[in-house]
Each structure stands twice: as C-alpha cells, then as structure tokens.
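Top line first, the protein sequences correspond to chains A and B. If you use this note's numbering, the first sequence corresponds to residues 0 to 387, in order. If you use this note's numbering, the second sequence corresponds to residues 0 to 387, in order.
Misleading hints may appear alongside valid ones.
[To be verified] Derived DSS-like pairs: lysine-lysine, alpha-carbon spacing no greater than 30 Å straight-line: (1) B/K367 / A/K10; (2) B/K10 / A/K10; (3) A/K10 / B/K170; (4) A/K367 / B/K10; (5) B/K68 / B/K43; (6) A/K31 / A/K43; (7) A/K170 / B/K10; (8) A/K170 / B/K170.
[Claimed, not checked] Derived DEER-like restraints, expressed as beta-carbon distance ranges: (9) B/E317 / A/N234: 31 to 41 Å; (10) A/P165 / B/D48: 29 to 39 Å; (11) B/E317 / A/D372: 48 to 58 Å; (12) B/P165 / A/P165: 15 to 25 Å.
Simulated from the structure, these hints should not be mistaken for laboratory data. For every residue, glycine included, the Cβ atom is placed at its ideal position computed from N, Cα and C.
Each chain, written out:
There are 2 protein chains.
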Amino acid sequence: MQNFTFWNPTKIIFGTDTIPQIGQETRRFGNKALLVYGKSSIKKSGIYDMVLASFQEAGIEVIEHAGVKSNPVLSHVNAGIALVKQKQIGVIVAVGGGSVIDESKAIAVGAQTDHDVWDYYLGVREVEAALPVLAVLTIAATGSEMNLVSVVTNEETQQKFNLRSPFIFPKVSILDPTVTFSVPRTYSAYGAVDAISHTIEGYFNGSDPWTPIQDRYVEGLILSIMESAERILENAEDYQGRATMMWAATLALNGLPVAGIGAMRSPNHLIAHSLGAMYDIAHGAALSIVIPGWMTYASRKAPRKFAQFAQRIFNIQEESPEKQAEKGIAALKAWFYKIGAPVSLAEGNIPEEDIERIAENTQSLARKWNVTDEYTQKTVAHILTLCR
Amino acid sequence: MQNFTFWNPTKIIFGTDTIPQIGQETRRFGNKALLVYGKSSIKKSGIYDMVLASFQEAGIEVIEHAGVKSNPVLSHVNAGIALVKQKQIGVIVAVGGGSVIDESKAIAVGAQTDHDVWDYYLGVREVEAALPVLAVLTIAATGSEMNLVSVVTNEETQQKFNLRSPFIFPKVSILDPTVTFSVPRTYSAYGAVDAISHTIEGYFNGSDPWTPIQDRYVEGLILSIMESAERILENAEDYQGRATMMWAATLALNGLPVAGIGAMRSPNHLIAHSLGAMYDIAHGAALSIVIPGWMTYASRKAPRKFAQFAQRIFNIQEESPEKQAEKGIAALKAWFYKIGAPVSLAEGNIPEEDIERIAENTQSLARKWNVTDEYTQKTVAHILTLCR
Chain A
0 MQNFTFWNPT KIIFGTDTIP QIGQETRRFG NKALLVYGKS SIKKSGIYDM VLASFQEAGI
60 EVIEHAGVKS NPVLSHVNAG IALVKQKQIG VIVAVGGGSV IDESKAIAVG AQTDHDVWDY
120 YLGVREVEAA LPVLAVLTIA ATGSEMNLVS VVTNEETQQK FNLRSPFIFP KVSILDPTVT
180 FSVPRTYSAY GAVDAISHTI EGYFNGSDPW TPIQDRYVEG LILSIMESAE RILENAEDYQ
240 GRATMMWAAT LALNGLPVAG IGAMRSPNHL IAHSLGAMYD IAHGAALSIV IPGWMTYASR
300 KAPRKFAQFA QRIFNIQEES PEKQAEKGIA ALKAWFYKIG APVSLAEGNI PEEDIERIAE
360 NTQSLARKWN VTDEYTQKTV AHILTLCR
Chain B
0 MQNFTFWNPT KIIFGTDTIP QIGQETRRFG NKALLVYGKS SIKKSGIYDM VLASFQEAGI
60 EVIEHAGVKS NPVLSHVNAG IALVKQKQIG VIVAVGGGSV IDESKAIAVG AQTDHDVWDY
120 YLGVREVEAA LPVLAVLTIA ATGSEMNLVS VVTNEETQQK FNLRSPFIFP KVSILDPTVT
180 FSVPRTYSAY GAVDAISHTI EGYFNGSDPW TPIQDRYVEG LILSIMESAE RILENAEDYQ
240 GRATMMWAAT LALNGLPVAG IGAMRSPNHL IAHSLGAMYD IAHGAALSIV IPGWMTYASR
300 KAPRKFAQFA QRIFNIQEES PEKQAEKGIA ALKAWFYKIG APVSLAEGNI PEEDIERIAE
360 NTQSLARKWN VTDEYTQKTV AHILTLCR
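Bound-form chain A, shown alone (with noise of 0.2 Å):
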C-alpha cells in the first residue's frame, strides 16, 4: 500500500421517500438557493415539485438556472455564476445526474471568484472557495454526487477537462433509487459503464504491486453493478436492482477505491473525453467503446492484473495468464452488447477515419495529466484501432 490521505465529507441520505429532506439540508447553508437542473424531465417525475414544496417548507428563496445539457459547457456555467453573482445567491443545489452536479459545482467555484473559472480547470490556478453544493441524484452514474471532481466542456476550445478540489465536495446528496426507475434502458446500461470504468481506472493502473483491500473492493463493485444492471434491464422498477446500481456508482468514485494504490492513470477517460467533446456521445457510450480496446493494449504489457479480473469476474480459469486475461476481457465486451452499450467506434457512429484527430485532440488532456511518456498521439491512435 501507498501513503494517501482520505477524506470525504459528503453526507449521504440514500432511499425511498428522501428528497422531502431536501430543503431542511439546504436551509442550513442559505435562504437563497440556485436550483440548477437540465431538461424538463425532472418535472414530468414530479421531482421538480417535491424539491420546491421543500425548499417553500422550509423559507427557501429559490433561482433556477434550467438548461444543463448532457456534457455541460462553459458558457452555460458562466451563466449560472452570473446569475449567482447578481442575485447573491449563497448555497447551490443540483436536481440531476453528474452532468448537473458538476456544473453546479463549477458554478460554486466560479462565484466565489473574480477569476475565470476554466483557468481552474486548465489548472492554472488553485481553487480557494466555493459555495456549499447540495445534490437531488437522479441518474446512477458519474459518481460526481459524492466526490471532488467536475467535469466541463469548454466548446471553443473543444476541451473536456477535469477540476479536482476538497471544496466542491458536496455537503449534503440525496439518493433515492426509485426516481432511477424511469431512466431509460441505454441510460441505465451507460450508468453502468460508466461507473466500472470509474473502478478499473484505479485497478489496471494502481503503482502497487500489493492492494488485496482495493483490488477486492472494486471486484465486489463491479459483480454488484453488472448483477443490479441485468435486474433492471429486466425490470426497470426493481428497488433492489435500483438501489444497488445507485450506491454501487456512488461509492465507485468516492476516493477509496484509489486510497493507497499510488499514483495512478485514467487512460480509458483520457480517451473517452476526447469522443465526447468532439462528437455528441453519452459518455458511458464513450467509455464501452474505448474500455476492450485499451484492455487489450494494456494487457499484453502486463497480464496479470487482468487475469486475476478474468478469474474474479468472470470466473474463467486458465494456465497462461495471457489466455485468461484475453478471455475476460472478451467477457467484459459481450456483457457491454448484451446490456446494449456500444463496444465498436462504429457502433458509435465515430467515423474510422477521424482515429488521427481523436488521437491528436488527447494530447492537450494529456499533457495535463502528465501522461504522456505513455499516451503519445501514436499509441492513442494505435488503442483506438483496437477499438473498431
């Protein structure tokens, strides 16, 4: 094990008949709340509803800032702290999935700034306030309900970067299953990919040789996850299958999964930001297309990590740990078509020929994460071809 630190202060309220506590949890950061949320979906689910009777219930002021799309971008953060600013808005509360959370994080950092919030993200400058965010979690997914990351895409520069900071952990995320209930079928199959790519970053690209904790923890995550995906394929209003998917995602990006591996990589998201930047895909669409690849390339490296996830997962049993790796990783791809997830760049719709410039637009990513002894233009060129 490596040396780390851990902390995390979010409080979860997980279960039925929880997003009434929505607006005591708020009230104990403002009387002035920025309701931020994307399309109209969460007023047909009636969420909407529940999250204002609360916020009335409890003497909450309430701004909203509607309109967060699926990969949130700059200028609509920028409105949001605009607004923020003029009417001095003193507590954030996101009612959405990761997409909402981490534009509402952004915002909270934005506002308590006369700076440029994407000079955070560029990691030009070090974030030193930000306004509490509290979450209403309606999509299993990105993880961001629970941890210190934002995600935001700058459409200018065609950049989709990442902010990490203990300030934007939010204070307080409800998460209540059955408002999953009515995700639709590839959502719910994206949410799940995306939250085992969250927990095989960490696994596959850990710097030490000795992690039984972590490495058993996301094992049990990812056999929770693909378990509770095929209930609720099956069923979409299965509460067990629901609630699982839900606490399963959430834990697969809190930080301990990662506490004690060491310095680590996420090439898999790397990749993936590049596509969702550049094209309108899902990001968890994004990451079944790149996860066989980039296992493929990693695993000839160094099998023996994926053979223990071939034997774990997927129960296959092999002498050559280079057979075994290949086996499961061949598993892992069935499971993403089965549950209805791209596993193909064309399945994607991501054109063959546009491999040179994905390759090329991960190298500004890359350099920021300082990955590129390995994550060349070439080599990224070279996964994707093992992504078609």
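Got chain A sorted already, so can you dock chain B onto it with the hints?
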C-alpha cells in the same frame, strides 16, 4: 437495500513518516492539547518523542493524561475530564489503540457538559457537543480511529457500555503502519479477530435479504485481514501486511460495511463485552472465544448466509447449506486457533461454572440494545455452552 444516512468526516492520513503531521493538524483546532496515552510503550518506541517534537514545532502546549487501561475505565475518564476543565484545554490527542481513542472521546464529551459522562453511555442523555479529538493510532484493531463509537467500562457497576454520537468522530487520524511492527504476536492476532468480528456482526445480523455490495465488501475485508495476518505472523515487519491490516481494521467499522443493511444486532459483542467487563481478557480474545459458538447457534436457525461465507471465504463447496455452513465455521475457528487466538472458554481461563453469571451480566446491555427478545439469559447461556 434499506434506507440509510452515511456521513464520516474523519480525515485519514495514512502511511510511513506521517506522525510528524500531528502538530500542524492539531493546531487547526487549538493550541493547548490533552495528550492521552496508555503505558510507557509509546516512549520506548519513540512515538512519544515524535509527537512531542511535532507539538513543539507547531507551538502547542501539552498536558499529559497517561495510564489508560486496555479496557478504559470510567474513573480514569473522569480524571481526564477534570484535568481538561481545570486547565481549559481545547483539543484532545489520543496516541494509542482503540482504548486510548475511546477514552479520549469520552473525555471530549465529558469536558463539554456538567452532567455525569456515564449518563451518555447509559443512553439517558444525548451528546450535544464534544471537544475535537485527533488520533495517532498504534495498533490495528478497533476502528475507533474513524468512527463515532466509544466503549468504556464502569468498574463499579461492571458495565461495559458504548456511546454513539456524530460529535465524536475523530477530526484527523494518523495511521503509520510501521508503528505496529512492534505489536506482539498475540495482540496482532487479537486485532485481526477484532476487525473480522466488526465486519461479521453486520454481515450475519442485518435485516435486508439482498446486499451484494455490503456482502462483498465484508468478504473482501475478511480475506485481506486473513492474508495480512499471516504475513505479519511470519514477519512482524512486513510493511504490506501491517498496512493492509491497519487499513482493513479501520474500514471494518467506519459505518460503510453496514450502510444499507438495515437494523442490525451485535450479539458477539454483547457477549464479549461481558467477558471484558468481568475478566481481564483482551477484547479480541473474548471475541475469538464467542464467535464460533455464536455462529454455530445462529447457523442452525438460518444457514444460508453462513453457507455463502463458507464458500466465499474458504472456498468450501457442499450440496447442503447446513453442512457448508458448519464447515465454514470450523474453518474460521481453526484459523483463529492457528493464529494463536483462544477458541474456547477454557483457553481464555474463563471457568465453565461462570456461564450463568456471564449470561446474567449480558442482560443489562441486552436491554440497552433492545435485543432481549432473542438474547435472553437462557439463550446466551446456551451460546456460551457452544463456546466451551
């Protein structure tokens, strides 16, 4: 999954050479600290000097409160409270194991009230404030370094009771695995038993039928604890073994393994606490005596989960769940024996004639925990006969 609230704000600083951070971390909460510890072992090991040097550098005045017993007692807690009040101390730093941290939490509560601190352990009062507690952990076992629990023994009434309050989460806990190199074989083994015991209470005594995340999380911790215990018993200075044991013991009782499992009971601790209150026996030793007996009792009523345990921990395959459960319990008992933990009342020097008295002693805690429907004096006596 059942509804739950999860909140754990303790900051963990984990790894080699981390103890010198205690001064600056403490300074965030005050400049006059009560240093709580047990015997002179922290002086021999050099930890004491390291802590004092760090305090000095951070400009913190230190008042010492030494002599914490391995089952911390109320009279010593009260002496600490008096000292804090007299000297107007603002922050408490525990340097030691679970007992030292538990006593520090008790002092932290008592220092902020004029009521008898034992009232909070009896459950007749609710904690409304506590001084900040920080910890430097010197033994992997109880999990107190990252939770809201404190266990104290009232010597006069022979009651070993626990207090739960969000006010007593340590603010910061420093975990340097190298300080546990000097923990003797027996206590290393007891620590492993204690950590395992914390995970299995929820695992076997939750109230939800489908908890795949929590099950696998616990199974992963148990396997990691067993692997690391074996490494440690082979080589006391095996860093990976010590680090894994230390982190696993912390994770075993930080609230996460039980989040979502619903109402639960802790029958093994119910009985072990009485052994601890009545005899001068280490907590881990009391548990290794009780657990196999309790498991036998409980698996006869409902073998399913015990069969899963046998399969996933010991890879035991059997057609009949009863047989599988039985073999799993025998395997755990054999493993306790192998690492040198007592597995019978006789091995713990507890006279068989005392069974009725022990069973009687459990009843006041059983009433406090509302488990007298099942854990009557008669049933506890029966379980104790299975521990012979």
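Decide if the proposed pair is consistent with the structure: A/K10 and B/K170, CA atoms, cutoff 30 Å inclusive. 15 Å, holds
Going straight from one Cα to the other, do A/K170 and B/K170 come out at no more than 30 Å? 17 Å, holds
Could you say whether the range 31 to 41 Å given as a hint is met by the Cβ separation of B/E317 and A/N234? At roughly 32 Å between Cβ atoms, A/N234 and B/E317 fall inside 31 to 41 Å, so the hint holds.
Assessment of proposed distance window 15 to 25 Å (beta carbons of B/P165, A/P165): Holds, at about 20 Å.
Range hint compliance [Cβ, A/P165 to B/D48, 29 to 39 Å]: 32 Å, holds
Does A/K10 lie within 30 Å of B/K367 when you go C-alpha to C-alpha? 28 Å, holds
With a cut-off of 30 Å on the C-alpha distance, tell me whether A/K170 and B/K10 pass. 15 Å, holds
Would the hint linking B/K68 and B/K43 be met if the CA-CA limit is 30 Å? OK: B/K68 and B/K43 at ~18 Å, within 30 Å.
Pair hint outcome, A/K367 versus B/K10 [Cα-Cα no greater than 30 Å]: 28 Å, holds
Between A/K31 and A/K43, does the CA-CA distance stay at or below 30 Å? Answer holds: A/K31 to A/K43 is near 25 Å, not above 30 Å.
Using the beta carbons of B/E317 and A/D372, state whether their distance is inside 48 to 58 Å or not. Given a distance of about 51 Å, which is inside 48 to 58 Å, the answer is holds.
Measure nothing beyond the straight line between the CA atoms of B/K10 and A/K10; if it is 30 Å or shorter, mark the hint as holding. 14 Å, holds
Comparing the model with each numbered hint stated earlier shows that all of them hold.
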